[in-house]
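Student: Same order as they appear, the protein sequences are chains A and B. Here the first sequence stands for residues 1 to 111, numbered as in my numbering. Here the second sequence stands for residues 112 to 225, numbered as in my numbering.
One or more hints might be untrue.
In silico lysine to any residue, SDA-like type, Cα no more than 20 Å apart, as pairs [stated by the list, open to error]: (1) B:K149 to A:R106; (2) A:K52 to B:D209; (3) A:K52 to B:G207; (4) B:K155 to A:Q45; (5) A:K56 to B:Q211; (6) A:K98 to B:G195.
What the hints contain is simulated information worked out from the structure, not anything from laboratory work.
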Amino acid sequence: GDSVTQMEGPVTLSEEAFLTINCTYTATGYPSLFWYVQYPGEGLQLLLKATKADDKGSNKGFEATYRKETTSFHLEKGSVQVSDSAVYFCALPGGYNKLIFGAGTRLAVHP
Amino acid sequence: DAMVIQNPRYQVTQFGKPVTLSCSQTLNHNVMYWYQQKSSQAPKLLFHYYDKDFNNEADTPDNFQSRRPNTSFCFLDIRSPGLGDAAMYLCATSRGEDGQETQYFGPGTRLLVL
Chain A
1 GDSVTQMEGP VTLSEEAFLT INCTYTATGY PSLFWYVQYP GEGLQLLLKA TKADDKGSNK
61 GFEATYRKET TSFHLEKGSV QVSDSAVYFC ALPGGYNKLI FGAGTRLAVH P
Chain B
112 DAMVIQNPRY QVTQFGKPVT LSCSQTLNHN VMYWYQQKSS QAPKLLFHYY DKDFNNEADT
172 PDNFQSRRPN TSFCFLDIRS PGLGDAAMYL CATSRGEDGQ ETQYFGPGTR LLVL
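Let's have the full structure, built from the sequences with the hints guiding it.
Tutor: Below, the structure written as structure tokens:
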């Protein structure tokens with residue numbers, strides 16, 4: 001069945017460091033791909049999405065490119081801030097209006 | 112702003128005492144979801160409504176029930192909470208037009224079972 005695999009965390013970085021969180025997927029067809037972010041004590045919110053191959057989603061300095069050939073949707077940011085500390089979830093639609101989530105990657109950014 | 116609202120943000124209940132969590136939305140979305148999330152794990156879908164059609168996940172315990180009296184509101188009822196039901200409960204909505212849309216989440220209700 002369809003699935004999402006994320007790199008395990010936690011990821012600990014200093015402020016202004018470069019961030020990559022790997023996400024690979026298994027799916028039939030070409031689903032939309034999502035990154036959601038969950039700040040401490042909050043619900044999830046959409047960070048960015050891509051709807052077809054080679055699309056690049058971007059928001060708040062984060063980017064991810066839908067790579068069909070490598071079945072990947074890695075999240076990147078050139079310079080992280082303390083306020084980016086959160087848990088990041090990669091996800092894809094699982095049919096019947098459902099989402100399949102990766103396990104989540106916790107990011108901690110230190111000053 | 113259109114949004115998903117959950118009340119209360121924190122709920123304390125006693126072991127075995129029924130509890131109801133509430134969710135409302137101003138997005139006029141067709142689909143409403145309830146998730147259970149423990150310790151920053153991925154959210155686990157309990158069930159969802161497409162309009163009035165209820166869709167239960169196969170592994171959702173019978174202890175969990177839901178009601179959707181109208182488009183805007185959805186409730187999660189836990190009939191006899193156990194210690195293992197302590198978690199964050201997330202409500203979400205989506206348009207439900209092609210199954211590829213964004214889900215919009217509420218802030219969650221953290222349930223503590225004493």
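Student: Next step is simple, just say for each hint if it's right about the structure.
Tutor: Now the hints, each set against the structure:
| no. | hint | in the structure |
| --- | --- | --- |
| 1 | B:K149 to A:R106 | holds (14 Å) |
| 2 | A:K52 to B:D209 | holds (14 Å) |
| 3 | A:K52 to B:G207 | holds (19 Å) |
| 4 | B:K155 to A:Q45 | holds (16 Å) |
| 5 | A:K56 to B:Q211 | holds (17 Å) |
| 6 | A:K98 to B:G195 | violated (24 Å) |
In this structure, only the earlier hint numbered 6 is contradicted, and the remaining ones agree with it.
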